[in-house]
Amino acid sequence: MKSFVKANRNLLPALPLAIVFLVAFLLPLVVLVYLSLFRTPQFTEMGPDQYVRFVSDSFSIQVLADTLLLGAEVAMLSLLLAFPLGLVYVAGGAALRSVIMFLILMPLLTSSVVRTFAWIVILGREGIVNSVMLAFGLWGAPARMLYTWNGLVVALTQIQLPLMALPVINSLLKVDPNLLKAAEGLGAGRIRAFFTVILPLTLPGALAGWLLVFAAATAAFITQTLVGGGRIILMPSLIYQQAMGAQEWPFSAALSLIFTAAVICVVATIGAVARRRMRGLDAA
Amino acid sequence: MANASAHALAITGVDHFFGQMQALAGISLAVAPGELVALLGPSGCGKTTLLQIIAGFIRPTRGEVTLGGARIDHVPANRRRIGMVFQNYALFPHLSVFENVAYGLRARRAADAVIRTKVAEMLALVKMTDLAERYPGALSGGQQQRVALARAMAIEPAVVLLDEPFSALDKNLRLDMQIEIKSLFKGAGITSIMVTHDQEEALSMADRIAVMNDGRIEQIDTPNALYDRPTSLFVNRFIGHSNFLRGTMVSADRVRLDAGVELPLSSSRRFRPDAPVIVAVRPENCALAEATQDGVPATIRVTLPLGPSEVIEAVTPSGEHLKIHRPRSPTTPVLEPGAAVCIRFADPTGVGVFSRPNATLPVTTGDIL
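In order, the protein sequences belong to chains A and B.
So my numbering is basically just the index in the first sequence, starting at one, shifted up by 231.
So my numbering is basically just the index in the second sequence, starting at one, shifted up by 1332.
The hints are simulated quantities; they were obtained by calculation from the structure and are not laboratory data.
It is possible that part of the hints are untrue.
To be verified - Below, simulated DSBU-like cross-link-like pairs (lysine-lysine); rule was C-alpha separation at most 35 Å, straight line:
| id | chain 1 | residue 1 | chain 2 | residue 2 |
| --- | --- | --- | --- | --- |
| 1 | A | Lys-405 | B | Lys-1655 |
| 2 | B | Lys-1450 | A | Lys-237 |
| 3 | B | Lys-1450 | B | Lys-1655 |
| 4 | B | Lys-1459 | A | Lys-405 |
| 5 | A | Lys-412 | B | Lys-1655 |
| 6 | B | Lys-1518 | A | Lys-237 |
| 7 | B | Lys-1514 | A | Lys-405 |
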């Protein structure tokens, strides 16, 4: 024991965090697994009934699929928006860069509840978009955007964009400007140079951003609930309903574990596929 | 031997400004087909800006660049057929050696069979055939340079530009690559321009050297002519090593040195009598003579024996330090510090005279060994 302590002395500073993780994360997870193995909410008998219930319940499976799809759509849209933003940032001078960086970071400094309410104001029936379109006579009647799938995707994209923009900008900054000159000198136009040089070299940053936004968007309970309203049921709100509304603690525990496992599966699969395409990057 | 793809490159009256700062002033330079010209100068002299203008990454504020007689200063870089080897090689880290070399051919939409043949030919030329599947991160500096060279030459460029090509290589490898690139370029008759701040590199590689200073070309000449007959004090100081002595013109072809002697000059210079001048003489052009003889009187300060030769530092009565580089043999007498000697200039045609705008003497620069 003594020699074990001695050998791992340099890990000692990590001990407080390890204890926090143990108490606040690992322990509840174990409790969750334990709860999910009861057959009924009365906690009398144990068995895999809750998992069987999920697999045989097409509604729950649909909710899980919708949630993963939502995460993927938000991550894709963020990626499409972050690249042009990153290119402008990298090409810009110091003043432009600090303005862009401020705009990217500002949303992170406000609560996601506040940002979500802002989207309700923007998308609502009497909201900014509808008022403007009606005032200019572009729309005949107010369009329904709040409580719709697309409205939710747009709002989540804005809220999660910093998670994508920061790693993308970071990897764009690391691309040697001489590589672009080399591509140009060899006869490549700008579009070709972007797809053959910039894009492959920023893949690690884009991947990191994609996975962060994906995970954050699937779990964004507040935004999903407020912008999606009661009309769009997603995993976080389903788990909340089952636990707090229906008092179905074992089922909601099983749902939580299945949801977590599904997100980890997507993250691991996409990470593995992308890493195979990034050969040579780590050696550089 | 010039080949079909070799073109003459001409730069005429190029000025370039970065904002208010003038980086290039009145640059004119003509490069013959198959010629290797070096742009040599201290950092900030504008040589890299000039290279970027030729490559097409910078558009000059004024002036013309022509290639094979056609103006190219408004042609975008990707349509110029100019190959460039970057200082850090700028190989694409995510592409194999093969794909790096193939990049320019793919950008030109060459057929796969053509690409395979051309890349194989280029890799054979730079002796990198066996490493075609490697990634740049797994190559040594010399190997990376070969790939960069093969990549630049695969597009059959009219001109190859080399930006500080040897600065990232260690000294032994540098010489090997210099020999290899020079023989490759001479064999294929490739027109090329090389930027360097290293005079040895320029002297050994180039057919002609353009010495640049403060945005201007001071002198363009062959390496030997630059060394033997520098036309400005800057070039004299920058190329090789020189001793500098203060003096005053007596007549059009005689100068009186502050050190106390009057010297005849080999040809009449453009100076009026009484003009203050600086006399420059190479260390190997200095010979020691008996103290009684006619010459510059000096006192030995230190002797550095170097085997087959020796370097002696002496100081004149007027306080100028002179280095003398001379052959040594077992019978050469050893000179002790403090000995009074007399320095004569073996070849009077190798003595340079430059105007002296103020009383200060330039600091001697360069590595004598």
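Structure-based check of all given hints:
1. A:Lys-405 with B:Lys-1655: This hinted pair is violated, its Cα atoms lying about 49 Å apart.
2. B:Lys-1450 with A:Lys-237: Given that 35 Å is the threshold and the Cα spacing comes to 61 Å, the pair is violated.
3. B:Lys-1450 with B:Lys-1655: Not satisfied, since the Cα-Cα distance of roughly 53 Å exceeds 35 Å.
4. B:Lys-1459 with A:Lys-405: Roughly 31 Å separates the two Cα atoms, so the pair holds.
5. A:Lys-412 with B:Lys-1655: Violated - the C-alpha atoms of Lys-1655 (chain B) and Lys-412 (chain A) are around 46 Å apart, more than 35 Å.
6. B:Lys-1518 with A:Lys-237: Given pair Lys-1518 (chain B), Lys-237 (chain A) is violated - Cα atoms ~66 Å apart, limit 35 Å.
7. B:Lys-1514 with A:Lys-405: holds (34 Å)
Of the numbered hints listed earlier, those contradicted by the structure are 1, 2, 3, 5, 6.
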